[in-house]
Amino acid sequence: MTPAKSDLLQGTLDVLILNTLQSGSQHGWGIAQRIQQVSDDVLQVNQGSLYPALYRLEAKGWIRADWGNSENNRRAKFYALTRAGRRQLAEEKESWQRFSAAVGRVLQAT
Amino acid sequence: MKTQLAAAWRALFHRNELYRDLDEEMRFHVEMELEKNIRRGLPAEQARTEALRTFGAAARHQEECREASGTRWLEDFVQDARATFRGLRKNPGYAIAAAVTLALGIGANVAVFSVVHAVFLQALPYGAGERLVRLRQDAPGIGIRDAGFSPPEIPEYAAQTRTLSAVAEYHSMFFILLGGAEPERLQTGVVSANFFDLMGVTPMLGRGFLPGEDAAGAEPVLILSYDYWQRHGSDTKILGRTFKMNDKIHTVVGVLPPMPAYPDANDLYMPSSDCPFRGSAAAAHNRNARMLTVFGRLRPGATRAAVNRDVDEIGARLARAYPDAYPKSGSGFSVRGVPLADELTERARPTFLILLAVVGLVLLLACANVANLTLARQLRRSREMALRAALGAGRGRIVRQALTESGLLALIGGGLGILLAAGGLRLLVAFAARFTPRASEITIDSVVLLFALGLSLATGLVFGLLPALSGNRNLLTVLNDGGTRSTGGIRGRVLRQGLIVVQVAVSFMLLIGAGLMLRSLWKLQHVAVGFDAERVVTMRLSLNFSKYTNGGERRTFHERLLPALTDQPGFSSVAIAGTLPLNQNGGPQNSFFEIEGRPAPSKDLRPQADFQQVSPEYFRTIRIPLLRGRAFAGSDLPDRPLVAVVNQTMAEHLWKTEEPIGRRILVDGVKDWITVVGIVGDVRQYGLERKPEDQVYLALEQFPSLSGSILVRTTSDLDSVARRIRHTVHGLDPDQPVDRARTLEDVRSEAIASPRLTSILLSIFAGLALLITSAGIAGVIAFSVGERTQEFGIRLALGAAPGSVLAMVMREGMALVAAGIALGLIGAHALARLMSGLLFEVDATDPPTFLAMSVVLAGVALLACLLPARRATSVDPTVALRNA
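Read top to bottom, the protein sequences are chains A and W. Quick note: the first sequence uses our numbering, first residue -2, plus one each step. Quick note: the second sequence uses our numbering, first residue 1030, plus one each step.
By construction, these hints were calculated from the structure, which means they are not laboratory data. One or more of the hints may lead you astray.
Label-pair restraints from in silico Cβ distances [stated by the list, open to error]:
#	chain 1	residue 1	chain 2	residue 2	range
1	A	Arg102	W	Arg1056	24 to 32 Å
2	W	Gly1085	A	Arg102	34 to 42 Å
3	W	Arg1082	A	Asn70	53 to 61 Å
4	A	Glu68	W	Thr1078	22 to 30 Å
Calculated pairs, SDA-like style, for lysine to any residue (alpha carbon to alpha carbon, straight line, at most 20 Å) [as the list claims (entries may be wrong)]:
#	chain 1	residue 1	chain 2	residue 2
5	W	Lys1065	A	Ser92
6	A	Lys57	W	Lys1632
7	W	Lys1700	W	Ser1792
8	W	Lys1065	A	Leu40
9	W	Lys1065	A	Ala87
10	W	Lys1065	A	Val12
11	W	Lys1632	W	Gly1808
12	A	Lys74	W	Glu1625
13	W	Lys1685	W	Glu1625
14	A	Lys74	W	Glu1096
15	W	Lys1632	W	Arg1426
16	W	Lys1065	A	Gln105
17	W	Lys1065	A	Asp63
18	A	Lys57	W	Leu1416
19	W	Lys1065	A	Leu86
All of these numbers come straight from a predicted model, not from anything done at the bench. Think of the CB as a built atom: it goes at the ideal place given N, C-alpha and C, for glycine as much as any other residue.
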């Protein structure tokens, strides 16, 4: 994995994680499953990127981690959005939409 | 911020928990994946493999997670710190040597810094103390230095100054406190009512003096100093209590906060009207009663130069208006303001500047030594380091670990150093008190602790960075030679040798400093003082000025006291003198006089001398030799011709080859001519280092003075003599204090106490330096011998004489020492120049000291080389070669 590629993925992955957590707290595996599901298996989340991303987001204070029980009653670490995370998500979403709309326009023009 | 702190906290103290969490989190993920695979219908074995494969390298993910959580550096630090402690525990010799060396170096610096901080850096303990000045007047052309001010000048300066917002007066007196078990002699500051306001001092209890309390006829009041108040029970209800002082009853109106013992170590303060001399109607107009010290506070915006111009103009104006009371023009008469900070600290500056330089050098030495120890240790670990580098530890990481290690060692050393400094603080305060009244302010406060912390970290950086940067990380070379020849390359070797040269140079500087001081002390101790201090006991006797108001009354007291004391068994000779010899608290109190038949062109150009009143037995009691003529006799009474005895210096200075005996002089303030009847030997009257000046002794009975000292030559011990003197004095007058019993030898050893303590301090530091350096030399030579074992083995096998091998090693060591001494010569020269103010009759380039210290250093270094060098000759060639 070259750093350039991971950087690109990293930013995207961060938004995806934040967005996933909007509907409620979730553990790492659940986050990965949900992203895959929602994207119809287009987006495969690499665990080697997922967990560092979670720790980075936690260090930035955008998500909070707590130990809880999973659906099959096992101890799991659940991540939840913080208020700062919600703000961040709104910003990222907006800039993402602006960006993709711009890219779309450029692609249609040619 | 809170989450970051929590994360840092966890990384620091719950690292294992963090790892466990990560582990568990990832295991959970794999298990969920596994279940999903099983649900998808994969066989168990394949489901597991698949789950693990998709997850990837868990350890790697964990590592990245730790990196991402932003506390990696902290974890590294904790890891390094643990490794350091483990390493130090495994190698306690290194740890102890390094920590002790650093503790001594840092401790010495912290101790001296605590003095420098309290005395020179802190604001004066007066409100806006930087705006305070003391006025002084000088006339260097006619030998007048720092003359006092007279009572009529005070209102004149206050009215005429444009740069000072207020002017206050001060002088110190002894009053007698009566009503206790024994009369007590109290040092009293006598001040104008605005004194404490001007100084910016607010009493701790009660109030300061009110305007008008210094006017004639005001109710007698007094203010206690903090020390006196504390010595007498710290009574918070003392306000309003009365003290019977001499013939007046004073009411306590205030207690001062702790203050520097400046201008004097006063027990209490009174308004100026309470001093019978200052307060008398005659003194109010007497321009020759120069008894007062004057303080001023600068107006906002006034510069020191403006103040000096201002007060000098006032002085010149007064000199023109009252020409009889001031020096003639051409005498260089000037008035100026000395900043109070200089007054309080000037005398301490040279000594503590030198001490600061010395402890700085000691720390440098300690750093060099620990760097060398670290270097040697690191070379032993070069395989470990190279391996770690090969396994992927970055250069930064390795340097960081080395710095963590040195930083922690330095902090341990610093902690021990602070304890050391705190332990020595009391001694240091006592030492500093000899030079400055601010010594009482010396403490180890937060600023000093911060300094200690900063110094420790800086020290760790210095001795850690050197070896860290010179480390050998080339795995191939290190592993190739199997660790036996891992010399760290040329660079490490040059570095180690360079450090030794620096250590020798620094030690040499310190040795020179101590050597010069010791030589100066030796000269001071061997000054011919001109009297015999052995077996003389002295006590202070200041007659009660409100009781013995005239000469007749004082004489009567003396005439009863002296025979009563002489009658005591074992008192072979008894005398009273105005001041004791070697009196360091004052200088000569010069008066002008005229020699009969030699009229001077102007009154300012007349000769001057110091005048001292002594009783007839004085010269015999302390064995000042009578050179010619006669000493005073009991028959030299007021109704007989006035007589004087002069010292040898004066006889030679003023009469040269003529015979002084029989000549007459006329002294300012004395109506009749005084005839010189004898010449005595010179005495060091005002300090050991002060050359004898012109001195006139007058007969006590013809000029009976109030203050003086009793001197008794006796074989009895101090306590019993003191008891008998006190008993005799109180027998004559129970209200008359007599105190401060000392032997004249105490007085003499007190006179050299400051230089002696300075010498001891410098010698301790120099000895320490020598010890550290010789250990360093021995260590480096031992290391170099160890490195070259095979070479020596080959040389010996090929028939080299053991002596030649020894000489080879010694040459290497002594070349470093010689280079160090050469470098040290330059530094020592600079240090000695800095010290010249502290030296007595010793030149800063004193060749014997430089020679002696070179020999001492070279000798110790030779021994330090010899011990490890001998190992080179005992190398067994077969063993050395087999290990090759």
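Hints versus structure:
One distance hint, 24 to 32 Å for the beta-carbon pair A/Arg102 and W/Arg1056, is violated here, with the actual separation near 47 Å. W/Gly1085 and A/Arg102 have their C-beta atoms about 38 Å apart, which keeps the hinted 34 to 42 Å range intact. Distance hint for W/Arg1082 and A/Asn70: a CB-CB separation of about 27 Å, inconsistent with the stated range 53 to 61 Å. Range check, A/Glu68 to W/Thr1078: about 25 Å between beta-carbon atoms, so the 22 to 30 Å window is met.
About 35 Å separates the Cα atoms of W/Lys1065 and A/Ser92, which puts this hinted pair outside 20 Å; it is violated. A threshold of 20 Å between alpha carbons decides the hint, and for A/Lys57 with W/Lys1632 the separation of about 89 Å lies outside it, so the pair is violated. Simply put, W/Lys1700 and W/Ser1792 have alpha-carbon atoms about 56 Å apart, too far for the 20 Å limit, and the pair is violated. Of the pairs offered as hints, the one joining W/Lys1065 and A/Leu40 holds, with about 18 Å between alpha carbons and a cut-off of 20 Å not exceeded.
For the given pair, W/Lys1065 sits about 33 Å from A/Ala87 by alpha-carbon distance, which is inconsistent with the 20 Å threshold. Between the alpha carbons of W/Lys1065 and A/Val12 the distance comes to roughly 26 Å, so the proposed pair goes past 20 Å and is violated. Annotation: proposed proximity of W/Lys1632 to W/Gly1808 is violated, straight-line Cα distance about 73 Å (limit 20 Å). The suggested pairing of A/Lys74 with W/Glu1625 is violated, with an alpha-carbon distance near 111 Å, which exceeds 20 Å.
Of the pairs offered as hints, the one joining W/Lys1685 and W/Glu1625 holds, with about 16 Å between alpha carbons and a cut-off of 20 Å not exceeded. The straight-line distance between the Cα atoms of A/Lys74 and W/Glu1096 is roughly 19 Å, inside the 20 Å bound, and the hint therefore holds. A threshold of 20 Å between alpha carbons decides the hint, and for W/Lys1632 with W/Arg1426 the separation of about 83 Å lies outside it, so the pair is violated. Our distance criterion of 20 Å between C-alpha atoms is broken by W/Lys1065 and A/Gln105, whose separation comes to about 41 Å.
Simply put, W/Lys1065 and A/Asp63 have alpha-carbon atoms about 24 Å apart, too far for the 20 Å limit, and the pair is violated. The suggested pairing of A/Lys57 with W/Leu1416 is violated, with an alpha-carbon distance near 36 Å, which exceeds 20 Å. With a CA separation close to 30 Å, the supplied pair W/Lys1065 and A/Leu86 exceeds the 20 Å bound.
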